[in-house]
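A.B. asks: For the record, the sequence lines run as chains A and B. Going by my numbering, the first sequence wraps up at 1059, each residue one higher than the last. Going by my numbering, the second sequence wraps up at 882, each residue one higher than the last.
No lab work stands behind these hints, which were simulated from the structure alone. Idealized CB from N, CA, C, for every residue including glycine. Hints are not guaranteed to be accurate.
Derived SDA-like pairs: lysine to any residue, alpha-carbon spacing no greater than 25 Å straight-line [said to hold, decoys possible]: (1) B:714 to A:929; (2) A:928 to A:941; (3) A:928 to B:803; (4) A:928 to B:649.
Counterexamples of contact, computed for chain B against chain A with all Cβ distances above 10 Å [stated by the list, open to error]: (5) 658; (6) 672; (7) 685; (8) 698; (9) 706; (10) 748; (11) 761; (12) 773; (13) 792; (14) 838.
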Amino acid sequence: MAQTSPELEPGGALVETPPTTPSHDLHESTEAAEHGSSGLPQFEFGYWPGQIFWLLIVFVILYVILSKLFLPRVGGAIEARAAKIEGDLADARSARDEAERQSAEAAAELAQARARAQKTAAEAKAAAKAEADSRNAAEEAKLNVRLAEADAAIAAGRDRAMANVRTVAAETAEAIVEKLSGQAPSRAEVDAAIARNAA
Amino acid sequence: MHQFEIQQVLELPPVAGFDLSITNSALWMIIAAASVTLFFAAASAKAAVVPGRLQSVGEMLYELIHNLTDSIIGHEGKRYFPFVFTLFAFILAMNLLGMVPYFFTSTSQLAVTATLGVLVIAVVIAVGFARNGLGFFKLFVPSGVPFFVLPLVVVIEIISFLVRPVTLALRLFGNMVGGHVVLKVFGGFVVSLGALGALGIVGALVTLTGTVAITALEFMVAFLQAFVFAVLACVYLNDVVNLHSH
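Based on the provided sequences and hints, a complete structural model is requested.
C.D. replies: Laid out in structure tokens, this is it:
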């Protein structure tokens, strides 16, 4: 697995003391890395300061970039979306409320109009009925008057006729009695007799 | 263990006796950080209300860690969110880059994982002192412990606190090295069994299937270890942020 080849390298003296700081000779330092620990190159401490130094530098730079630039942007997008959804929901809710209010208003107006129409119709009906009633009454009264007049005329005619009949009867009775008895009865006697018979 | 060997990429003069040359490990840290930067530059370029795929993934990662800091640390968590997120994204990028053949896995270097572990604990201690002053030491004195066992408990608490960076470092280191070694061994089996003739090829096919399965597992481990690191960072931060309720 590991391509270590300590036997091939002549620098065996370095094995005894693992260097705390690697030599600047690349060859020597890699060789030291291969020898410095029993297998794992991670325990070659000569390379630790460089890794620690660069790790901290890179971490701090990344922290600044993320915390100042990208995290606010991502978080801002999330918040903007939440706000937009919230706002849209509120808009929709208010639109729905407005629609409901308008529909209630329209219904109320409709009911009002219907009531007004019904009232007008009732009024018209009542007025028409009243007019018709009054006209009927007037006609009836006129008719009654004419009826009464006619009745009166009829009564008068009849009375007159009756009076004529009585006169005719009296004269006829006078004439009959004169012809039969030869003597003319007095008018009073004839009238009395007629009244007696007519009763 | 050739794949874990450190090689110099760019030699720099030593500073105060330390060799700060850019090695392949440092190079892949830089590549990982650049990948994270490029990814989020692309993911947050449009910041659209209706996200594309890239933006969705970016927001998923964001919300994953945001929920973490929120649920573990609580309301104060958002102050530490960028730190935890940087840890997570950086480790995840290094782990995932290591899954590409011939790429170097910086998180398989104990120097890297130990630095990250110590960094977390250093931040925890700094936050602890900044928020609680000397009250930070109450972290080691749990309440409600009878006084005659208290010294023992305090010693145990201090040790468990000091062990935290070690476990952080070794968990990530062990997982990454272990996974790569297992893959290497299985890959080696495929080759050596395949050279043994007909029966060997059958065995090699079985091993190859195993290698593929382990590769899938390693992708999960790469993600999981970054996540675990972030979770533990949150837990340790919570200890000092909400010290009074400890």
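A.B. asks: Now tell me, hint by hint, if it's right for this structure.
C.D. replies: Cross-check of the supplied hints:
1. B:714 to A:929: Within the cut-off at roughly 16 Å; holds.
2. A:928 to A:941: Judged against 25 Å, a Cα distance of about 20 Å means the pair holds.
3. A:928 to B:803: 31 Å, violated
4. A:928 to B:649: 32 Å, violated
5. 658: 7 Å, violated
6. 672: 6 Å, violated
7. 685: At roughly 5 Å from the nearest Cβ of chain A, residue 685 (chain B) sits no farther out than 10 Å, so the non-interface label is violated.
8. 698: The claim breaks: residue 698 (chain B) does not keep its Cβ more than 10 Å from every Cβ of chain A (closest is about 5 Å).
9. 706: Consistent with the label, residue 706 (chain B) stays out of reach of chain A, its closest Cβ about 12 Å off (over 10 Å).
10. 748: 6 Å, violated
11. 761: 16 Å, holds
12. 773: 27 Å, holds
13. 792: Holds, because the least Cβ-Cβ distance between residue 792 (chain B) and chain A comes to about 29 Å, which exceeds 10 Å.
14. 838: 24 Å, holds
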